[in-house]
Every structure is written in structure tokens, then in C-alpha cells.
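Asks: Sequences are here, hints too, so could you generate the full structure?
Numbered per numbering that gives the first Met the number 0, the sequence shown finishes at 120, counting up by one with no gaps.
Derived by calculation from the structure, the hints in this document are not laboratory data. One should not assume that every hint holds.
[Stated by the list, open to error] The following label-pair restraints were derived from C-beta to C-beta distances:
id	residue 1	residue 2	range
1	119	61	33 to 39 angstroms
2	119	75	34 to 40 angstroms
3	114	61	16 to 22 angstroms
Heads up, the beta-carbon is just placed ideally off N, CA and C, and yes, glycines get one too.
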Amino acid sequence: MEIWVNPACSKCRSALSVLDAAGAEYTVRRYLEEPPTAHELRSVLDRLGLEPWDITRTGEARAEELGMRTWPREAGERERWIAALAAHPQLIQRPLITADDGTAVVGRSEAAVRQVLDRRG
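Replies: Structure, rendered in C-alpha cells:
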């Protein structure tokens with residue numbers, strides 16, 4: 000599994016602690032240093048079953064500058080949102096965990112992280 004983290008984020012550190020306590024094998028991706036491509040974002044969104052606006056931190060200063068709160072949340076605008084997330088990875092909700100079974104979760108709670116662990120079998 001892979002976990003996208005911002006080391007300065009307490010939710011990310013908490014998710015890593017849960018994974019470590021469970022003895023999980025994972026790869027850390029510091030997504031601010033190694034931003035995901037639009038293709039990778041589409042793939043993760045498909046795995047999450049979410050739309051890009053669902054994982055956007057609209058309260059961030061950059062989102063405010065872009066006026067994202069007023070952007071339409073509809074299929075025709077999906078690529079605009081994805082392009083913004085790829086260009087400004089700080090806007091991506093964190094941590095994101097992609098599991099080996101093809102699923103993914105936004106691991107902001109211990110329960111969400113445990114979902115991934117429980118599916119490992």
C-alpha cells in the first residue's frame with residue numbers, strides 16, 4: 000500500500016502510527032515533494048469513488064485565491080478540478096491511502112485507516 004502524506008500534518012502522522020502499530024508494509028509518498036499527475040489523481044479518485052471536489056481543501060489560501068469554492072461541482076468541470084489539484088498539491092486532502100486490493104481511503108481518522116488494514120485479510 001502507499002500513503003500520501005504531508006509530514007507536517009498531524010492526521011498523517013497519526014495514520015502512519017496506526018499503520019506502524021499494525022505492522023503494515025507501506026510506501027510513503029510525500030506528495031508535496033512528489034506531486035501526483037492528473038492521471039494519478041484520476042486513478043485515486045476512481046479507487047476512492049469520489050470526485051476531485053470531495054478531496055479538495057477549499058479552505059486553503061491557494062483555493063481561496065483560485066476561487067474554488069464557487070467552481071461548479073459537476074462532471075463537465077472535473078478536469079478543471081483535477082488540473083488544479085495536480086498544479087497545487089497542497090489542496091489535496093490528506094492522508095490518502097491506496098491499498099493493494101485496488102481500493103483507497105482518505106485516512107483522516109483511525110477508523111478509516113483500519114478499513115484498509117481490515118481488508119488486508
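Asks: Does each hint fit the structure? Answer for all of them.
Replies: Hints, one by one, checked against the model:
1. 119 / 61: 33 to 39 angstroms: Given a distance of about 35 angstroms, which is inside 33 to 39 angstroms, the answer is holds.
2. 119 / 75: 34 to 40 angstroms: Hint holds: Cβ distance 38 angstroms, inside 34 to 40 angstroms.
3. 114 / 61: 16 to 22 angstroms: 29 angstroms, violated
Going down the numbered hints, you'll see the structure goes against just number 3.
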